[in-house]
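Note that this note's numbering has the sequence shown beginning at 1, numbered continuously upward.
Note that these hints are calculated values from the structure, not bench results. Cβ atoms here follow ideal geometry from the backbone N, Cα and C, with glycine treated the same way. Just to be clear, a hint being listed does not mean it is correct.
Stated by the list, open to error - Here are the simulated lysine-lysine pairs, DSS-like style, with alpha carbons at most 30 Å apart:
hint	residue 1	residue 2
1	LYS95	LYS138
2	LYS24	LYS95
3	LYS95	LYS127
4	LYS98	LYS168
5	LYS105	LYS22
6	LYS161	LYS98
7	LYS24	LYS161
8	LYS127	LYS105
9	LYS89	LYS127
10	LYS95	LYS161
To be verified - Across the chosen pairs, the derived CB separations fall in these ranges:
hint	residue 1	residue 2	range
11	GLU164	VAL55	53 to 61 Å
12	VAL122	ARG170	15 to 23 Å
13	GLU135	LEU46	33 to 41 Å
14	VAL55	GLY150	48 to 56 Å
15	LEU46	LEU119	53 to 61 Å
16	ALA148	LEU45	55 to 63 Å
17	ILE32	GLU125	30 to 38 Å
18	ASP130	PHE16	52 to 60 Å
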Amino acid sequence: WNKWNRLGGIRMEETFVEYIVKTKTSLSAIGIRIGCIFIVICCFLLTAVLGILGVTLGALAIYLTYMAFQMTSVEYEYSILNSEISVDKIMGQRKRKKVAEFDMKNAEIMADADSEEILRRVNNEMKVLDYSSREAGKLKYAVIFNEANGITEMIFEPNEKMVEALHKIRPSIVRIANR
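Based on the provided sequences and hints, a complete structural model is requested.
Right under this line is the structure:
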């Protein structure tokens, strides 16, 4: 959206785009969910032996199972405001936590995560942050940031609108994928 500066009548361009990606449920998360369900069943089967204690343990197990399902359901929300990119982790569609914030002014390159330009720059000393859905076949982009605390590669899955917004911010470094 655009905004007029009231003081000088100068037109200032502001960019705001956001997009949410749901992550694929990992095998460990599925294992946790199955284990919790198994514990709930065991607690209620033990009700005959434990009586009211079994019911209490069963209720506690149901609550813990609910929490486990919430904590293993993860989404990432990408937000761009001008040249700032922020990533929020949303757990169970309720709890939100900012996990990363970068300035595109510090970016060296943004391209398809599997492109030669990115793969040439990746090294063992680089910090890699994967905020993608982790689903095979999805188009993932990587941005390499050179910041005061070192070089960081951020992997994410922006939509077309977000890629276009980033291209407008830094056209010389954003490589739009041809998939």
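The hint says 53 to 61 Å between LEU46 and LEU119; measuring C-beta to C-beta, is that right? Hint holds: Cβ distance 54 Å, inside 53 to 61 Å.
What's the verdict on LYS105 and LYS22, does the C-alpha distance respect the 30 Å limit or exceed it? holds, 27 Å
Going straight from one Cα to the other, do LYS24 and LYS161 come out at no more than 30 Å? holds, 23 Å
Does the Cβ-Cβ separation between VAL55 and GLY150 fall within 48 to 56 Å? For VAL55 and GLY150 the Cβ distance comes to about 53 Å; the hint holds.
Taking the Cβ atom of ASP130 and the Cβ atom of PHE16, is their distance within the range 52 to 60 Å? At roughly 24 Å between Cβ atoms, PHE16 and ASP130 fall outside 52 to 60 Å, so the hint is violated.
Okay, GLU164 versus VAL55 on CB: inside 53 to 61 Å? Once the Cβ atoms are compared, 57 Å apart, the range 53 to 61 Å for VAL55 and GLU164 holds.
For the pair we were handed, LYS24 and LYS95, check the Cα-Cα distance against 30 Å. holds, 18 Å
Between the alpha carbons of LYS98 and LYS168, is the straight-line distance 30 Å or under? holds, 25 Å
Compare the distance between the alpha carbons of LYS127 and LYS105 with 30 Å, and conclude whether the hinted pair is satisfied. Roughly 18 Å between the alpha carbons, so the hint for LYS127 and LYS105 holds.
Lying within 33 to 41 Å: is that true of the beta-carbon distance GLU135 to LEU46? Distance hint for GLU135, LEU46 holds at roughly 39 Å.
Holds or violated: LYS89 with LYS127, Cα cutoff 30 Å? Distance of about 18 Å is within 30 Å: holds.
Distance restraint between LYS161 and LYS98, which requires alpha-carbon spacing of 30 Å or less: holds, 22 Å
Violated hint: 18 only; the structure is consistent with all others.
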